[in-house]
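Respectively, the protein sequence lines represent chains A and B. Letter by letter, the first sequence follows residues 1 to 361 of this note's numbering. Letter by letter, the second sequence follows residues 362 to 496 of this note's numbering.
Among the clues, some could well be false.
Once the Cα atoms are required to be at most 25 Å apart in a straight line, the calculated DSS-like pairs of lysine-lysine come out as [what the hints assert, rightly or not]: (1) K239(A) - K261(A); (2) K426(B) - K357(A); (3) K53(A) - K239(A); (4) K101(A) - K357(A); (5) K388(B) - K404(B); (6) K14(A) - K357(A); (7) K101(A) - K372(B); (8) K440(B) - K404(B); (9) K479(B) - K357(A); (10) K426(B) - K101(A); (11) K388(B) - K101(A).
Computed Cβ-Cβ distance ranges for the label pairs, DEER-style [unchecked claim]: (12) S331(A) - P406(B): 26 to 36 Å; (13) Q159(A) - D394(B): 45 to 55 Å; (14) P425(B) - T350(A): 18 to 28 Å; (15) F222(A) - M421(B): 46 to 56 Å; (16) Q386(B) - G237(A): 52 to 62 Å; (17) E402(B) - K271(A): 39 to 49 Å; (18) G427(B) - S142(A): 36 to 46 Å; (19) D162(A) - V395(B): 49 to 59 Å.
Please keep in mind that the hints were generated in silico from the structure rather than gathered at the bench. Glycine included, C-beta positions come from ideal geometry on N, C-alpha and C.
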Amino acid sequence: METASEKSESLALKPDRPVGIIGYGAYVPRYRLPATQVARLWSGEGEGDLPVKEKSVAGLDEDVATMSIEAARNALSRAGISPSALRAVWVGSESHPYAVKPTSTIVAEAIGATPYIQAGDWEFACKAGTEALVAAIGLVGSGMGRYALAIGMDIAQGQPGDALEYTAASGGAAYVIGPADESLAVIEATFSYVTDTPDFWRRAHQVYPSHGQRFTGEPAYFKHISNAAQTLMESLGTKPADYRYAVFHQPNTRFPQMVGKRLGFSDEQIKPGLLSPVIGNTYAGAALIGLSAVLDVASPGDCILVTSYGSGAGSDAMHICVTSAIEERRSRAPLTRDYIARRSEIDYATYARYRGKIRMK
Amino acid sequence: MEVPRYWRLQKQRYALVGEICPHCQVKIFPPRDVCPECGGEAKQPFSFSGKGTVFSFTTMYDAPKGFEMNTPYTVALVKLEEGPVVTAQLTDLGEQPVEIGMPVEMVTRRIREDEEDKGIIVYGYKFRPVMAGTH
Ligand SMILES: [Zn+2]
Numbered sequence: 001m002e003t004a005s006e007k008s009e010s011l012a013l014k015p016d017r018p019v020g021i022i023g024y025g026a027y028v029p030r031y032r033l034p035a036t037q038v039a040r041l042w043s044g045e046g047e048g049d050l051p052v053k054e055k056s057v058a059g060l061d062e063d064v065a066t067m068s069i070e071a072a073r074n075a076l077s078r079a080g081i082s083p084s085a086l087r088a089v090w091v092g093s094e095s096h097p098y099a100v101k102p103t104s105t106i107v108a109e110a111i112g113a114t115p116y117i118q119a120g121d122w123e124f125a126c127k128a129g130t131e132a133l134v135a136a137i138g139l140v141g142s143g144m145g146r147y148a149l150a151i152g153m154d155i156a157q158g159q160p161g162d163a164l165e166y167t168a169a170s171g172g173a174a175y176v177i178g179p180a181d182e183s184l185a186v187i188e189a190t191f192s193y194v195t196d197t198p199d200f201w202r203r204a205h206q207v208y209p210s211h212g213q214r215f216t217g218e219p220a221y222f223k224h225i226s227n228a229a230q231t232l233m234e235s236l237g238t239k240p241a242d243y244r245y246a247v248f249h250q251p252n253t254r255f256p257q258m259v260g261k262r263l264g265f266s267d268e269q270i271k272p273g274l275l276s277p278v279i280g281n282t283y284a285g286a287a288l289i290g291l292s293a294v295l296d297v298a299s300p301g302d303c304i305l306v307t308s309y310g311s312g313a314g315s316d317a318m319h320i321c322v323t324s325a326i327e328e329r330r331s332r333a334p335l336t337r338d339y340i341a342r343r344s345e346i347d348y349a350t351y352a353r354y355r356g357k358i359r360m361k
Numbered sequence: 362m363e364v365p366r367y368w369r370l371q372k373q374r375y376a377l378v379g380e381i382c383p384h385c386q387v388k389i390f391p392p393r394d395v396c397p398e399c400g401g402e403a404k405q406p407f408s409f410s411g412k413g414t415v416f417s418f419t420t421m422y423d424a425p426k427g428f429e430m431n432t433p434y435t436v437a438l439v440k441l442e443e444g445p446v447v448t449a450q451l452t453d454l455g456e457q458p459v460e461i462g463m464p465v466e467m468v469t470r471r472i473r474e475d476e477e478d479k480g481i482i483v484y485g486y487k488f489r490p491v492m493a494g495t496h
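Okay, chain B solo, but in the shape it has when bound:
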């Protein structure tokens, strides 16, 4: 990924910052400045709670360039509690099996590395099973 593109996207990637529609209150992720429900302009930033549930998932054994070190890993569609569905890697699974409907929470992790040890480290959101003791 080229550095300028990474830099522009990093706020939404680091912390699930999307938008809220001022007309109908729909929460939007990723941000697109136009409400998918009512078509109105929606530019007000909104920080998602990061809580959600697994909607569906798949395990990757062959990875695209930059992701090879992490295989095998699980990619899921996560339904956020505020409504939108996002695609993200699951992490910190340990020996825990993934199930549809499993409650997960957002964490910020290393997503990929370019050019081995020389390039930029790309950080972004992933989801992990909700920790015991969180509320």
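Bound-form chain A, shown alone:
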């Protein structure tokens, strides 16, 4: 008979060949919509218990393809490899610009990675990005290819007046995965926890998503993140104190703080990767841009626990340890905070125009 500890040992996913992050790159668009703007319009109030301070809003000429291209260029600059050395370009999002026609081919062409590549778009609500990342770990870790690019990016839409409108934001990050001995951070193991949970969905031909109110918190976000993170730590024999930083999917400010606390992490461990208060919820980009903000400040030897969450529902947890290569590669592209600092505040009318909420015809 298998004991509980043997069982959890076998649950962590580890590649045959050690892999890591060779390069990473963030992207956040320039515009910001303060939550007070949304509150004033729909509830007649300006203050109170708002889920974030403000959210990032993409410009008129931006979409998941253009934002992914910029994040990918940043990741390639840090990786210092030729784009033609990539063997996969995978983009995870729930807001791909076309219903049929891959985002990944546009991105791959623009960065110069075509034609000898795998390309594909991943979908799993807010965990599409980490799902692409786990696939890249598998491709590189099996020896099928030396480098793979995984991106989590979204230009999230909330229905006017819906609670999601405060937080649904734009941004994400790209990661070049490659051999561990070339990496700026080694990905030691991953673990995923998935169930069929009806917390949030969007049917074909609908512009805005729907959510099942009573499913959104406890049985969805908290259950999946806790199980993924807890099981990964048990299987690796680690505890919260072994991590310098922890990043959780961040649909608002409070959820990641609460789940972190329950798992035994302190505010200090969570704060550097908690970007939702200032950029909102970037959906498939959220956990990955939280990680890029942490890599911007981490030191060699620091370990990071990253756990995403996607509605529907599932979580991917990852154990990542930073190497000495971080110091030199960090400065080869703009930092996550450079994008956050590049900020133009807009009002609700401008936001409505930028995000296509006013239909001219």
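Using the hints, position chain B with the ligand against chain A.
Quick look at chain B with the ligand alone, frame taken from chain A:
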């Protein structure tokens, strides 16, 4: 724009890929296979850095078909650091005024959309003010 033409041009449009003259090293954009300096054959691809400065600019309040959703927008002649001058839209200006000599960098953006929500989305280069923190 018809789809085949768009497809042929997309490499140079997505990422400012031009040519370099093997005889006199002049960088060429858009690609034309013949060096404008020495007249020699020049077919070797060259990826421009995307860095440049605003040479002159104008703001468009009336736009041609396919560009209406973006008005008003600013079109500039940008002198690339490698030499050639290209015409392109400026983007991400926020409340920042445009000035001659302003350092800009290339980004790939949506240029236009045909047939409302049904047609192809055309992507291409634009320029934005150089971000703080870039080098
Ligand atoms: Zn020449």
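- Task: For the pair supplied as a hint, K388(B) and K404(B), confirm whether the alpha-carbon distance does not exceed 25 Å.
- Result: holds (11 Å)
- Message: Can you tell me whether the CB distance of D162(A) to V395(B) sits inside 49 to 59 Å?
- Response: holds (57 Å)
- Message: Holds or violated: the 26 to 36 Å window for the beta-carbon distance between S331(A) and P406(B)?
- Response: Because 28 Å falls inside the window, the suggested range holds.
- Satisfaction of hint between K101(A) and K426(B), Cα-Cα up to 25 Å: holds (24 Å)
- Regarding the pair K53(A) and K239(A), is the alpha-carbon distance no greater than 25 Å? violated (32 Å)
- Message: What's the verdict on K479(B) and K357(A), does the C-alpha distance respect the 25 Å limit or exceed it?
- Response: holds (18 Å)
- Query: Given the hinted pair K426(B) and K357(A), is their alpha-carbon gap at most 25 Å?
  - Reply: Since the Cα atoms of K426(B) and K357(A) sit roughly 21 Å apart, the hinted pair holds (cutoff 25 Å).
- Taken at face value, is the distance from the CA of K372(B) to the CA of K101(A) at most 25 Å? holds (18 Å)
- Query: Measuring from beta carbon to beta carbon, are Q159(A) and D394(B) in 45 to 55 Å?
  - Reply: holds (52 Å)
- Query: Does the Cβ-Cβ separation between E402(B) and K271(A) fall within 39 to 49 Å?
  - Reply: violated (59 Å)
- Message: Within 52 to 62 Å: is that where the Cβ-Cβ distance between Q386(B) and G237(A) falls?
- Response: This hint holds: roughly 59 Å between Cβ atoms.
- Message: The hint says 46 to 56 Å between F222(A) and M421(B); measuring C-beta to C-beta, is that right?
- Response: holds (50 Å)
The structure is inconsistent with the numbered hints 3, 6, 11, 17, although it conforms to all the rest.
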